[in-house]
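Take the given structure of chain G and dock chains R, D, B, S, C and H to it, following the hints.
Protein chains in written order, with our numbering: chain G, 1 to 286; chain R, 287 to 572; chain D, 573 to 858; chain B, 859 to 1144; chain S, 1145 to 1430; chain C, 1431 to 1716; chain H, 1717 to 2002.
You may find that some hints are simply not true.
Said to hold, decoys possible - Using 25 angstroms as the maximum straight-line C-alpha spacing, the simulated DSS-like pairs for lysine-lysine come out as follows:
{"id": "1", "chain 1": "H", "residue 1": "K1964", "chain 2": "C", "residue 2": "K1700"}
{"id": "2", "chain 1": "D", "residue 1": "K774", "chain 2": "R", "residue 2": "K556"}
{"id": "3", "chain 1": "R", "residue 1": "K556", "chain 2": "G", "residue 2": "K270"}
{"id": "4", "chain 1": "H", "residue 1": "K1986", "chain 2": "S", "residue 2": "K1346"}
{"id": "5", "chain 1": "G", "residue 1": "K202", "chain 2": "R", "residue 2": "K556"}
{"id": "6", "chain 1": "G", "residue 1": "K270", "chain 2": "B", "residue 2": "K1128"}
{"id": "7", "chain 1": "S", "residue 1": "K1414", "chain 2": "D", "residue 2": "K774"}
{"id": "8", "chain 1": "B", "residue 1": "K1128", "chain 2": "C", "residue 2": "K1700"}
{"id": "9", "chain 1": "R", "residue 1": "K488", "chain 2": "D", "residue 2": "K842"}
{"id": "10", "chain 1": "S", "residue 1": "K1414", "chain 2": "D", "residue 2": "K842"}
{"id": "11", "chain 1": "R", "residue 1": "K534", "chain 2": "R", "residue 2": "K488"}
{"id": "12", "chain 1": "C", "residue 1": "K1632", "chain 2": "B", "residue 2": "K1128"}
No wet-lab data here; the hints were simulated from the structure.
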Amino acid sequence: MTPLDIVWQWPETPVTIAVIIVLAIALRWLILRAIKRATNLAVQRAKDRRPATKDTQLQAVRHAARTATLGSLLRSVTNAVISVLTVLTIMAAMEIPLAPLLASAGIGGIALGFGAQTLVKDYLSGIFMIIEDQYGVGDLIDVGDVIGTVEDVGLRVTRLRDASGQVWYVRNGEITRIGNQTQGWSTAIVDVPVDPDENSVKVIGVLGRVCVEVHADPELGKLLLEEPRVVGVQSVDAGRMIIRIIAKTHPNEHFVIQRAILDRELQALKEAGIRGPRVVPSSPTL
Amino acid sequence: MTPLDIVWQWPETPVTIAVIIVLAIALRWLILRAIKRATNLAVQRAKDRRPATKDTQLQAVRHAARTATLGSLLRSVTNAVISVLTVLTIMAAMEIPLAPLLASAGIGGIALGFGAQTLVKDYLSGIFMIIEDQYGVGDLIDVGDVIGTVEDVGLRVTRLRDASGQVWYVRNGEITRIGNQTQGWSTAIVDVPVDPDENSVKVIGVLGRVCVEVHADPELGKLLLEEPRVVGVQSVDAGRMIIRIIAKTHPNEHFVIQRAILDRELQALKEAGIRGPRVVPSSPTL
Amino acid sequence: MTPLDIVWQWPETPVTIAVIIVLAIALRWLILRAIKRATNLAVQRAKDRRPATKDTQLQAVRHAARTATLGSLLRSVTNAVISVLTVLTIMAAMEIPLAPLLASAGIGGIALGFGAQTLVKDYLSGIFMIIEDQYGVGDLIDVGDVIGTVEDVGLRVTRLRDASGQVWYVRNGEITRIGNQTQGWSTAIVDVPVDPDENSVKVIGVLGRVCVEVHADPELGKLLLEEPRVVGVQSVDAGRMIIRIIAKTHPNEHFVIQRAILDRELQALKEAGIRGPRVVPSSPTL
Amino acid sequence: MTPLDIVWQWPETPVTIAVIIVLAIALRWLILRAIKRATNLAVQRAKDRRPATKDTQLQAVRHAARTATLGSLLRSVTNAVISVLTVLTIMAAMEIPLAPLLASAGIGGIALGFGAQTLVKDYLSGIFMIIEDQYGVGDLIDVGDVIGTVEDVGLRVTRLRDASGQVWYVRNGEITRIGNQTQGWSTAIVDVPVDPDENSVKVIGVLGRVCVEVHADPELGKLLLEEPRVVGVQSVDAGRMIIRIIAKTHPNEHFVIQRAILDRELQALKEAGIRGPRVVPSSPTL
Amino acid sequence: MTPLDIVWQWPETPVTIAVIIVLAIALRWLILRAIKRATNLAVQRAKDRRPATKDTQLQAVRHAARTATLGSLLRSVTNAVISVLTVLTIMAAMEIPLAPLLASAGIGGIALGFGAQTLVKDYLSGIFMIIEDQYGVGDLIDVGDVIGTVEDVGLRVTRLRDASGQVWYVRNGEITRIGNQTQGWSTAIVDVPVDPDENSVKVIGVLGRVCVEVHADPELGKLLLEEPRVVGVQSVDAGRMIIRIIAKTHPNEHFVIQRAILDRELQALKEAGIRGPRVVPSSPTL
Amino acid sequence: MTPLDIVWQWPETPVTIAVIIVLAIALRWLILRAIKRATNLAVQRAKDRRPATKDTQLQAVRHAARTATLGSLLRSVTNAVISVLTVLTIMAAMEIPLAPLLASAGIGGIALGFGAQTLVKDYLSGIFMIIEDQYGVGDLIDVGDVIGTVEDVGLRVTRLRDASGQVWYVRNGEITRIGNQTQGWSTAIVDVPVDPDENSVKVIGVLGRVCVEVHADPELGKLLLEEPRVVGVQSVDAGRMIIRIIAKTHPNEHFVIQRAILDRELQALKEAGIRGPRVVPSSPTL
Amino acid sequence: MTPLDIVWQWPETPVTIAVIIVLAIALRWLILRAIKRATNLAVQRAKDRRPATKDTQLQAVRHAARTATLGSLLRSVTNAVISVLTVLTIMAAMEIPLAPLLASAGIGGIALGFGAQTLVKDYLSGIFMIIEDQYGVGDLIDVGDVIGTVEDVGLRVTRLRDASGQVWYVRNGEITRIGNQTQGWSTAIVDVPVDPDENSVKVIGVLGRVCVEVHADPELGKLLLEEPRVVGVQSVDAGRMIIRIIAKTHPNEHFVIQRAILDRELQALKEAGIRGPRVVPSSPTL
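Chain G with its partners taken away, still in its complex shape:
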């Protein structure tokens, strides 16, 4: 049938086309509505499962941003898919030969599909990471290659800024695990080396007193979630006995606490007359 026949096949073909268009519009409305509800639901459910954080205000802003990003993507995809399908179905109803079009699309689709798989993977990973709210702008995250503060949560790439000021663009599909340092607390580990001939009970006593002082310190205490603990003799070797102290701090404050405790403990040990590690060429790990 050629296009000219349409005029003569009145009213069959036009009616079929009209029915197809009406169905397409209805379907689009239904899908968009379903997307809206599903997005809201998924985001809501993720929020419920996420570890509680203090800032409700921030949560609300993030929630809105995530819903907007996802909704925009899914709406674009829905529009594109329904348009293409409607046009193709109308062409089929008009009996325009679709075979070359579909065959070419098939060959092209497969040829492209191999190369585009990382792209699809990036987007799918991005969608799920956003739905599951694994991180948001301002979180300090560890994505394997890079540790940095999130500056932008995208569907394909995530933009981070690391401690040295460098900006990183990381493809979402390349992230196999995410460590979020902002959801919870951090831990400062301080290893204090002393002479192996010192009495460990006495050393632990000195160290413990400093822990109490640090916790009582008005400035440092604010960074701590609980009093630092001296957990005991970590290892011993010719020339060195290592006593470990562990402190739970607010997120990302462990470096400050680590340096402060180390400095104070060294001074306390000197005052208490406890000798530092002896000069030993090298100490293999036990």
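Frame of chain G, contents of chains R, D, B, S, C and H only:
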């Protein structure tokens, strides 16, 4: 055939459509019931194969959670698949041209399939890990990249919190092996270095007496499953002879036991006048 | 043709359907019987090729368990495949449109196939490892990432418990090579360091006498398969000459033998007045 | 139908062909216009999300270059695809047998598709990196294998020149993460080793004064974004206590600052009579 | 056409079926014969290309075993393939609807194919390794992960026993290169360290005399293929000059020769008054 | 239709065949012309984007070689493709059954396609590397595994000769990044160690004077692009302070410059009475 | 149509079959001839591009061997492909149902194709390596995992024998780069360590004189392509200054030259009274 023909082909087409819908509903009911039974059976069977743990209460809670998670997923998938198939079959019965739809779906499905394979892999891994009950909320697990306490068992990602307080989102498909430290016991290994000229029998005697004391200690003894054993001379080198002690402890208590035994052994050796390792620049592994 | 036509096409369609069902049942019976024989045969053949072990009782139990596991899986697969094919063929005989169903299944199958390949790989690996009887419950195996005692041989995962008490779930498809330490013997290697200026013949003589004593020891001798051998000077360097002793032991008893021989050799050398290694800062491998 | 029939089937076939050509031209015009708008929009959106940089002039030049590169590619692809489809559809309308052509193209497309996937991946990565404006000519970027200044942003490869003058051609698809050192600031980290017996408070005082001087220096101060900070005792060991200084600098100026601060701190410590690290054979990391 | 029609379409359908069966039997006979000849030929050709070994008896046994293993596999595959094709062709001739069967098989084949590729790879590798006779039972081979003596040459896995007695099951497809230590000779490399101030000509003279003695030794000489050679000064550093000796031995006898030469050379150097390496803390590689 | 029918269907089939052949020849002529223009254009464009180099003569030779290599390949491919398509279309016009041919080609194409993908990848990489003129014969390039001088630029492999005289054949598809050391300059980095107690200002003065001398040297100066710069104190540790000198040289002349500067600096320091690094057992990196 | 019909459709079907057979034989003759010419041409072209070597006799032998190997493979493939296609086309002409055959072949082809891709890759790599004449029997090559002398150049595997006498079977597809040490020359690099306080000009003078002597040596001189050069001070550190000597030798003679030069240089330095490196515990790389 155009939609307008349906009216005239009474009663054939409407009856066919009605039969299809009835069949779809019956099929859905059958599948949902099969899923329920299969899930229960699989979860039950996994429970039987799992190493016994003390807390039956906890097991029941976990069992319910797992059945709910799996059932919810499988019900959603069943509903989606049956709806799509029913609509397509009705369209075929109404002789609406399906070729463009199916061809597009095919091309899109292949193009997406390449990129979505990690997603499918994550979900399938998640389903099987949940069915097999490899770990539950609160278990301390080792998934290769991360060691932490499970906070959430999801179908796509598992959320852990490691010892330093960082939250980890690990994709289930990336986990090739899981080490569950909570199903069984832990082992504390203490290597005590002494002077290589000391008599090994005497040293082992001193160390053995401390082992008995540690086991008799009211606090430490509770963490031990059996008396620590001095297994003998582990290695010898210029300047250092290493004696190894092994202790079986309750899950995740081995660090505490390790430090306690090391501290006590060092004091016992000092009291017994046994010299520590000599200062040797470096000792290559034997 | 619509379902209503079936009534009028008597007796053709019902007879065709009946023939199909009868054929399906016959086929199922044949395949199940073939599976039974093939499983038995394969398991039997694997047993013949396997290195001989002492415990025939254990072998029989394992044989039964393996046949049961495999048979159960293959029977489920056969039932599922034949049911699906029978239903589809009957639908084709009744002229219900199958195109949408098959096309959807095709698209879904490909999309799933990419993601499910690790799952299929796990199962196929599991099936062959069970048929070939590479290991059984209680064997100590090395699967690359983990070394442990097998607690459960599954079709998808193998459950191990390592020496520290941790339980490991390892996917069968991830295991590219298996080292079974229980099928045969173990080897203890003891490297004894002495002063490089000592006469090697004299040292080897002293060490050899201890080897004879260890073999004669009632307790240690039971763990040995043959008398330990002093194989000679392994390497020499400034400050250290290493003499190697090798002992063949019963499976997994080499650590005990290793420590016992090392301890006795050190005492024998001290008694014989042979000096230990000189203090040398570091000795690069020759 | 053979070509000779066209003459006799007047006017149907020629009219169909004319309609196809008109539709193709219209479609091409529509797509080219859509591409132009989409490119502008995407580039604009990326610009809005990008971290602010000082040079608006440079931004405008880059924006034009990116739009031109993308537009040129997309126009070529559009022309090629529409030409091929138009020719195929006309051939179908003329009833020339297309099967061998399409089948060959399919086989060739699949065979090529496997090998060409890295090519497609490179182009797709290039397109997205240009749209998202991850870097531009003159930026110093880290692409994993190579760190260098961008000399050319291509769709398939990016040309960099590293610090040693070597030119690098890196395929865009091989870049899984990009670190852009020019978008923001750099950080200079200076670790100053002193004798562990020195008083840390005194040492930090001396170092702090130098930091103030460096910031006041007319030449060095221009490179700094803020006054360098002495963050405290980083680690301690037999023979060495390390104090860390951190300075935020303009992009890529941290090496200059690092060397300048290190040099000045050493002189200041010598003047203040603070001893440097003691000679210790080797210090294992804490 | 339904099965009932067969009776009435006499004699066409039965004759067609008979012809198909006769053709299938003839084809099977032809293929089995071709397999036999091809296997013999391939195995024969591999034998001609293989490095010559002494034991013709062993070769004959191996040749028979290989031909049997391959023939058995290929016969099973031929039988299975011809049976399936014959049944399908007969069903087509009887006009039973094959579409659902083939479509299901196609979908299942693709879905399985992804997961089964390692299985196919293992078998194909096994077949070629057996045809090419890369190793046989009793050979000491290096397959990358494991070095051991072959205990069983299978089509899917190869069973090895390593030097410590552990049994290894290695999948044939995972073996990318095989090193066969039994086809040829082994090489013992002895590095003798002396004082760097010693005269190298004199040292080489002493070492050379020992080489002659070792070659003349009735027991050690049997293991050697030629007299060991002192190849000269391998490297020099503060405190150590290394002279290298190389000896060609019978397969797997190099460890024995290595230890024997090292022991004798050390005694000869002591007798000749040549000093050993000086005590130097560590010598970086030149 | 059988071949015999051609005679009777005069003139339709012969005319169709003639038309197909004429179209094929015209198409071939068009494509060959397009290839010529596209190759020239692409090569020209790559030349414009490439960093400027001195030798225009060499560029012209290379340009001709590249155009010839690419043109030859593309002409062969065009001829092959058009011949196959013409033959297939003629066979279709003659109604010879093409199904078995195309189906076999399809199966073979897919089966081969999996294995041939590295081959296709090699060729495609080669084509693009030649178009983009990433390197030419005589350039010193770094392809990851190998660094050497290009001896032959092939479509599948590139032949290099490394510094030790070994010839390398590297597959183009395995090259993910290329470093061309001949397009630009090289950098010599000289690290001069001195005693940490020396005054850094004085040392830098001495070193700077040598830099001026080296630049003034008639022979060495020709290799330099600018005066070497003393960039300052690179690091400091117990026993050693390192001063870094950087010099920009003509391509591949940095090793000569490096050794010359190091030698002269050492002599200048000795003359100026500046002590070298103190003997310190080992200096961990800061 | 059943086979019985052939008799009645005389002469159409038999004539068609005869035409097909004649065409197949002609096609086979054409392809075999094309293969012969293409192989010769490719091998010839590769010979022209290959670096010149001395032995024309050897080249001729190799050329013949390569042409034979390739021709044999391509002839077998051609025969197989044409036979299959002829049989299938005849079956199609006889209207025997081909669908089940082709469908089964398709499913089997895809399922096998995944697993067989490494096999195809091995063969394709082998074919191209033979055409390009990258190495021949007797060449010493480096294939990444193994360095050895080629004993057999196969289409699937290459057999090497390494320096220790072990035979290696390496799959051609696993070889991503080949280093041929026999096509050109080798380079001996000798690093001579001396006291850092020695005058470098004097040391280089002494070393240079030995280089002249070595080149004049009747035996060693034959192995050298040019006089060894003292390239200067390679590095300096506390306790050690390293002077590098580079010598161009005939292929694989660099180890002999290296040891000879090192030995002679050490004696020359001793005679000239130049001190060796001082005893320094460890020297980090500059």
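Structure-based check of each hint:
A distance of roughly 34 angstroms separates the Cα atoms of H/K1964 and C/K1700; the hinted pair therefore is violated under the 25 angstroms criterion. A distance of roughly 36 angstroms separates the Cα atoms of D/K774 and R/K556; the hinted pair therefore is violated under the 25 angstroms criterion. A hinted pair counts as satisfied when its Cα atoms are at most 25 angstroms apart, and R/K556 with G/K270 qualifies at roughly 23 angstroms. With a C-alpha separation of about 15 angstroms, the suggested pairing of H/K1986 with S/K1346 holds against the 25 angstroms cut-off.
Of the supplied pair hints, the one linking G/K202 and R/K556 holds, its CA atoms being roughly 15 angstroms apart against a limit of 25 angstroms. Restraint check: the Cα-Cα separation between G/K270 and B/K1128 comes to about 23 angstroms, which is no more than 25 angstroms; the hinted pair holds. Straight-line distance between C-alpha atoms of S/K1414 and D/K774 comes to about 15 angstroms, which keeps the hinted pair within the 25 angstroms bound. A distance of roughly 23 angstroms separates the Cα atoms of B/K1128 and C/K1700; the hinted pair therefore holds under the 25 angstroms criterion.
As the CA atoms of R/K488 and D/K842 are separated by approximately 15 angstroms, the hinted pair is consistent with the 25 angstroms bound. Only pairs whose Cα atoms come within 25 angstroms are accepted, and S/K1414 paired with D/K842 is accepted, the gap being roughly 23 angstroms. Between the alpha carbons of R/K534 and R/K488 the distance comes to roughly 24 angstroms, so the proposed pair stays at or under 25 angstroms and holds. Restraint check for C/K1632 and B/K1128: satisfied, since their Cα atoms lie roughly 15 angstroms apart, inside the 25 angstroms limit.
The structure is inconsistent with the numbered hints 1, 2, although it conforms to all the rest.
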